[in-house]
Amino acid sequence: MAKRQSGVAGIWSDDEKILEAAAKMRDAGYKKFDAITPFPVHGMEEAVGIKRSGIPYVTFVAGVTGCCLGLYMQYWMSAVSWPINVGGKPMFSIPAFIPVTFEITILFAALFSVGAMFFLNGLPKVDPPIIDPDLTSHKFALWVPDDEVGYSVEKVEAFLKELGAEEVKRMAEY
Amino acid sequence: MFLVQRSLKLIPLIIIAMLFANCEWGSIGYNKGYKPDQPIPFSHKLHAGEYKMACVYCHTQVEVAKHSAVPSLNICMNCHQVVGIDKEPIKKLRQKYFDGETVNWVKVHMLPDHVKFNHKRHVHRFSTAEDRYPACKTCHGEIKQMDVVEQHSSLSMGWCVNCHREQEPKGPLNCSTCHQ
Amino acid sequence: MMDRNPLILGDKTYKDITDDICEPLETVPGKQWMMMFFSAKSLLLFYLASVATILFTGMGLMGTNHPVAWGTDIVTFVFWIGIGHAGTLISAVLYLFRQKWRTSVARSAEAMTVFAVMTAGIFPLIHTGRPWLDFWLLPYPNQRGPLWVNFRSPLLWDVFAVSTYATVSIVFWYVGLVPDFATVRDRAKNKIRKKVYGILSLGWRGSTRNWSHYEMVYLLLAGLATPLVLSVHTIVSFDFAVASLPGWHTTIFPPYFVAGAIFSGFGMVVTLLTLVRIGFPKFKDYITIDHMEVMNKIIMCTGLLVGYAYCSELFIAWYSGVKYEQYAFINRALGPYWWSYWIMFSCNVFIPQIFWFRAARRSIPIMFVISIFVNIGMWFERFVITVTSLHRDFLPSNWGMYDWSIYDAAILFGSFGMFLTLFLLYLRAFPAISIAEVKPVLYVGKKKGGH
Amino acid sequence: MSMEKQQETKQNSYWKSLDEKYQTPEFIEQAEKEFQTSPLKEDDDKSGLARRQFMKLMGASIALSSAACVRRPVQKIIPYNKRPSEVIPGIANYYASSVHDGREGFAVTVKTREGRPLFLAGNADYPGNAQGLSARGTSQLLSLYDPDRVRTPVINTQDPKKRGNNLPIPRDWESLDKKVVAQLAKGDIRILTGETSSPSLKNIMNKFSQNLGGQVHTWTPVNESDVLHAAELCFGKSAVPKYRYDKASMIVSIDGDFLGTYLNPTESSRLFAQNRNPDGNMSRLVSFQSVPSLTSFNSDDNWGIKPSQQLPLVLGLIHELAFVQKKVSAVGSIRSLTADYAKIYEDIGMTHEQFAELASELAQHQGDSIVIAGGLQTKTKDSVSLQIAVNYLNDLLSNNGATIQWSHGLNAHESMDQDFSDLLDAINDGKVKTLIINEINPMYNLPNSTEFKAALGKVEMVVTTNNWMDETANLADLVAPAGHAMENWGDNEFEPGLFTVQQPTIQPLHNTRSFGDSLMVWSKGAGKAVATEETFYDFVKNRWTSQLGGEKAWIDFLQKGFQGQTYEGTERSAGFNTSALNNISVQQTASPIELSLYTKVGMHDGTLANVSWMQELPDPVSKIVWDNYLVIAPSLADEKDLRDGSMVQVKTAQHEMTLPVYVSPGQNHGSVAVAIGYGRSKGGEILKNVGFNVQDFIVTDNTVFEHAGFAVEINKTGETYRLAQTQGHHNMEGRQLAVETTKKEYKKTNDIGLHKHKIFSIWNGHKYEGHKWGLGVDLNACTGCSACMVACQSENNIPVVGKKYVLGGREMHWIRIDRYYSGDEKKSVDAIFQPVMCQHCENAPCETVCPVLATVHSDEGLNDMVYNRCVGTRYCSNNCPYKVRRFNWFYYDGHHRKEPMHMALNPDVTVRTRGVMEKCTFCVQRIKEGKNAAKDQNRPLKDGDIKTACQSVCPTNAIVFGDLNDKESKVNKWFDSQRNYTLLEEFNAAPRVRYLAKIRNTPRELGGGHHDNGGHDSGHGETDHKEGH
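Protein chains in written order, with the numbering used here: chain L, 1 to 174; chain P, 175 to 354; chain Y, 355 to 805; chain H, 806 to 1834.
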């Protein structure tokens, strides 16, 4: 999703209407189109036809890795690298090592999840072109890229207007 | 453009990698290789190397005390009453001696004050009474080949500790072994 | 109950929301804000000067001494860390519980968290005798053997917990801000502004695919932040609970500290939001009296929880049969520091009970005053725990008093300078209410209610 | 600086040659730089501002050093020109010598490193003090290095009409000698000297006064005039006896604080402890005190009395013994006198049974009991009568000659108030042209009413040998500083026939000359030489060489440090002259409240007031530092509504002043007391503005200057004053801390009634295979004398923080002596002392919580504290149940060590910078030294090879250190003793320090027992001074 494409966008100013429009668009066989909304519109994922995000798997793996690494780090530092008698406690004092293990688990899980989100969303982007500045405020758009199934500028324009778009824009690059 | 963005994320990684690769850990911030000029160009190479003088001839107390101690001037004068008295540096030395002054040598091996190193123990461990040089060499390097003394080892704590860990017979690893 | 009252007042459109929330960012600050900012900044400078004096002269300027080796620094550290908890709690826990009213207050609460944790984080650093060596607490490879750190020490747990918490809070907060930055970017008239917010927004676009991953991560972060926030104050409480001092060594500390943290955090949120409502009248439509009332209910409830903890401590001390423990608690209530104990008790347990009355819950002046009391009370709670336990422990020969000095006062009050400066700057630079999160709840409790 | 020349002139002695190289300050400095760099280097710039600059730079240098391979600043190594053969840098030399602490003489061993004395401990072979050394004795070291000492001879320019407004001008010895010699020709010379026990110096002084026409007056402010007068009357011979507490089974002390301040407390403590074995012979000590003291606190039973009751009490006892119980036969003539006091016990709150019991106990122990009275507290109008009565009572009990050696008494107790009065009369009669004052400070020690200042104005020339520009030196025309005893040659005879040598352990730091040398030079200059020798050293040496028979014997004397023996036989009874009884008269009338002056263990008469160790030594009785105060009874405090620190107006017939109050249990309701030695005005930086000058209460009209029993009026002023107390709470709160039981109970049950706890661990713990160090403290032997605290301070470079910071709770002592009271404070309390140092717990709570591993365990079980790793979180201190850790709140040593005080620093112990924690290390430097010595000699370590600093000066052997893995070690035996217990055992920190419980030899039940396990609540909350702020 990183590469920039040309395409056509239709703009609505009501979230319910665009939701209907998106559903219709999908029914019409469009696959690669996307909706641009200022806030996550409830039901839009189904309407556009997007599968559930896979980030939880990243989170899980990162968490488990963090947990193991954290515990191993403490074990290695306290009992292998330089074992020191601290307060008459065993070198590998498991109960005392739990909090740090836990924190490292959370840290890994959180950072890798966000990292994965950034990666999957192609963030950060530098100066991306925008269809309409109001799309982050109160307008909604459906975006049909040029590699859409059976893409043709005119056809898509017409279809968008048919769906009730208040404005239809051709974008050389988005 | 996109590649630039990705590579930006690598910068911290690169910095960390550089930290590890650039300087060997034992020497960052330490004086390894420190080789200052001394007020009198005393050559260990000449005295200990060519003339084969025993280390303890001058560093008399290294076997008995924790300090090795730079020899007092009267030890120099044992020989330099007669030897080499026409040479400039030795003239300077003799002048100092007869004036009751002393020589301000530049300290090469500087341990912080909170480190209590005991020469006696190490000398006895690593050498025999016949030849103390093996012990000296362990830390000070090939002194017999140095015209100007330089710091051979990093003298970092890790350097001390690793020897205590690995070198047989093993040394104690208590904190109070060195810090008291 | 929340369904009956609209979450956002007035007849707003999406555009109105955007305009309202972005207004403080796009207008010249008024006199009031400027005055507040400059007083906060002066306080901050005073704080920095005090800290610098202590750093250059020695910890001895503070009041800590032989029996009481921890004082204002640690007390204030725990205080600020506690404050920080409400933010994560509102944004994460309430998110998980699908509490829609959180959307209006979450952003400011999170900002408060971040700033409070930043303010707090300074205290353990400057409280050490040699702050320039604090980096020794990190297990980094070194030339000393290498010599690592002691993972058995609660202070080291603190290092990990607080830094993880700060990191995750900032990330969480920032992730929430990204779409709003995009909004501000797109509204920007000014090129520099566009650039700055453009960078901050990371090029956010708002496509459904983006939103899909975004919402998933937000949910995951909320899920991770919830145990984290509980663990952080648990670990902070371990500083005390794991130590062996009578009055510290108790198992109730983790839940007790977490409850106290939520309590004090909500107190601070109420304080700040009443001020925000005054400073930005338009926000009254978003941060409604209903929002405030809900938070007041939480304050009252957690106040009771804290009260329960106090009583339970007393009971267990008596029940334990350990005379050191018993003495520690008798000493808290009746010893030389009785006043601090009773300030704590009345501010935290008795005073919030006023919120049983609906009128009080919905009165801005009353809740403002009470929230201040709650903050005072919670500072004293930490004072009671730290100082009164330390000042009389096992051997009576060591008993002594805390030697409060003007430097203690200076850095205690100065730290508010830091916090408020950051918070005031935030109000002007960041959207103080989550634009993207408020919009979906626009019609909650309203006739049009399409969701 | 020509070394050769100096060597030529100084080549006169074996010992002096040691210090050849330390002629010049430069050399001292150079040696310092080479071997002990830190405190000096960092102190380059003395100002506080520069110090802060240093911290900034240090911060910067850390940043730099981690950035790249940055060079450190260049350091220099400065070797000797010619190394003296005895000095091996890094190896300590020990010399036998002797010091006098102003109260008591000691044979000592002085540890020197690179030619500077570092540590003093008693000479263990010496039969007097043995290894014991008082706190004041140890702190002679710091007084040697006192930066405020007079560094050159001084000529005061003064207007004769306006004495006091003078300007000291440093001069050389020649010009001073010229002036003195010119003056001496005029005759009429008087020497006023303090107590001296040096036979050689006495010889010189006497010859000097004979040759030049003069007289020697001996006077010290705290003297035994009363005892001497009484002895003259009773036995026909003026003497101060030596009490043999080791031979006594029953001791009654009437204000005779022999364990703290009276006569020879260190030796007395040693002898006393010898006969206090709970498992064998154990003496019994009953104390009657008008001021609580170490003796009263160590007693088995004690009663507070008023000064006016001292004599009546003795008379009452005589009456009870001789005329009621008829156990002894007294001369009948005395009955009329004693009968008046037959009921004295009522006045002091005793029942007749108790009083009769006491008398019969004494009667049972005829020949092995001691009744002792003395000290400033007994110097009432009746002091001589009291001594006569006590002598008589001892005579009736056949103690004279048995437990009280009159013919083999104590030397250096010859000074008499009468002698001083004679001098004063002579001056006032214009008979004195030259007055030489040798190391005493009468201007401070005498009340204004004596008008000593006016008298000085009548003397043509006043020369003093004082080492400080003190009150007296400021009024003298010439100051000829005699230097410190550790710089000068000399000899001492502290007991008849028992000689000690005083050999210098350092060349004079300043341009000073010993008094003996000065007298020799002056007499020679006047053409009437007192000796043929060139120097006083030669004189001493020749004297001893001829006496001992040869050079070799002299060297042996130097090595051994002493000659002769103490008297161990039984004297013939001294023969009490009953006509002395006619001198007994009771003139002291009882007043509602009576004031006494007394001396404190640390401060004594004020001579060591400029020694910060002494100022910061918590008074063993009150635990107050840097102050004196009016000691009052709790009941009096209630009556007058006073608390610790309340200011009161104190008014006697003689003098009136305001003083702060300290409420002390064990004090009689009608008795108040204040310590002398404080409120000095001149003579150093430290002593300024410390405490209150109470010398003006002294009445000097009598033969024996009156110090006690003044009728006094006390009125609250309403102001308060902050007294710095190192211990804030004095009640054990029912906890099992300092454990004690009675001998009766102990004998019966054979244990100490300890409440034991079941202790278990979930794992096996670490093993300690090699050495396993442990330390035992015998509470039964500990008298609380506090010598260990100062020894520790000296050994471990412990800084002094000053009153302000003690008030803030920041004192630094690594070993402290906790003092708890039990019993009803309104009546009489039992006190118990408990030295607490780091307990070196095997399950050390401090270690677990340190995030940076700055305190961890060694494989010998030591709790190592690594100063350089410490970042100063202070968590360890919080988690230490014994609170033995101390924190460097500031860079104390940077502030306080003025030149040459830094020379007192022990180079084996790191000087701590600010921001780090410190604590007792079990003297790890000594452990390592001991192990090294054994290794060098290829032998296993023996028990007793290693002594900690505290142990090495303890007069009563209350501390023992050793290897717990050595089955035969003394410490192991202590750990197996029935009396052993662990402090806070239930806490299961598993300390390596164990205590042996105190056994009190008393028939009664103890007031507040540990064994009743709670309940005992005799609150002493009112005196929580430290907490009051």
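Be careful, since some hints might not be right.
For lysine to aspartate or glutamate, the following DMTMM-like pairs were computed, each having C-alpha atoms within a straight-line distance of at most 25 Å [what the hints assert, rightly or not]:
1) Lys881/H <-> Asp305/P
2) Lys881/H <-> Asp287/P
3) Lys454/Y <-> Asp14/L
4) Lys366/Y <-> Glu20/L
5) Lys1736/H <-> Asp273/P
6) Lys1608/H <-> Asp488/Y
7) Lys677/Y <-> Asp1556/H
Quick caveat, the hints were computed from the structure, so don't treat them as lab data.
Status of each hint after checking the structure:
Between lysine 881/H and aspartate 305/P, the direct Cα distance comes to roughly 29 Å. Violation of the 25 Å bound is thereby established for this hinted pair. With a C-alpha separation of about 14 Å, the suggested pairing of lysine 881/H with aspartate 287/P holds against the 25 Å cut-off. Simply put, lysine 454/Y and aspartate 14/L have alpha-carbon atoms about 21 Å apart, close enough for the 25 Å limit, and the pair holds. Between the alpha carbons of lysine 366/Y and glutamate 20/L the distance comes to roughly 23 Å, so the proposed pair stays at or under 25 Å and holds.
Of the supplied pair hints, the one linking lysine 1736/H and aspartate 273/P is violated, its CA atoms being roughly 41 Å apart against a limit of 25 Å. At roughly 31 Å between alpha-carbon atoms, lysine 1608/H and aspartate 488/Y are farther apart than 25 Å, so this suggested pair is violated. In summary, the hint linking lysine 677/Y to aspartate 1556/H is supported, as the alpha carbons are separated by about 24 Å, within the 25 Å threshold.
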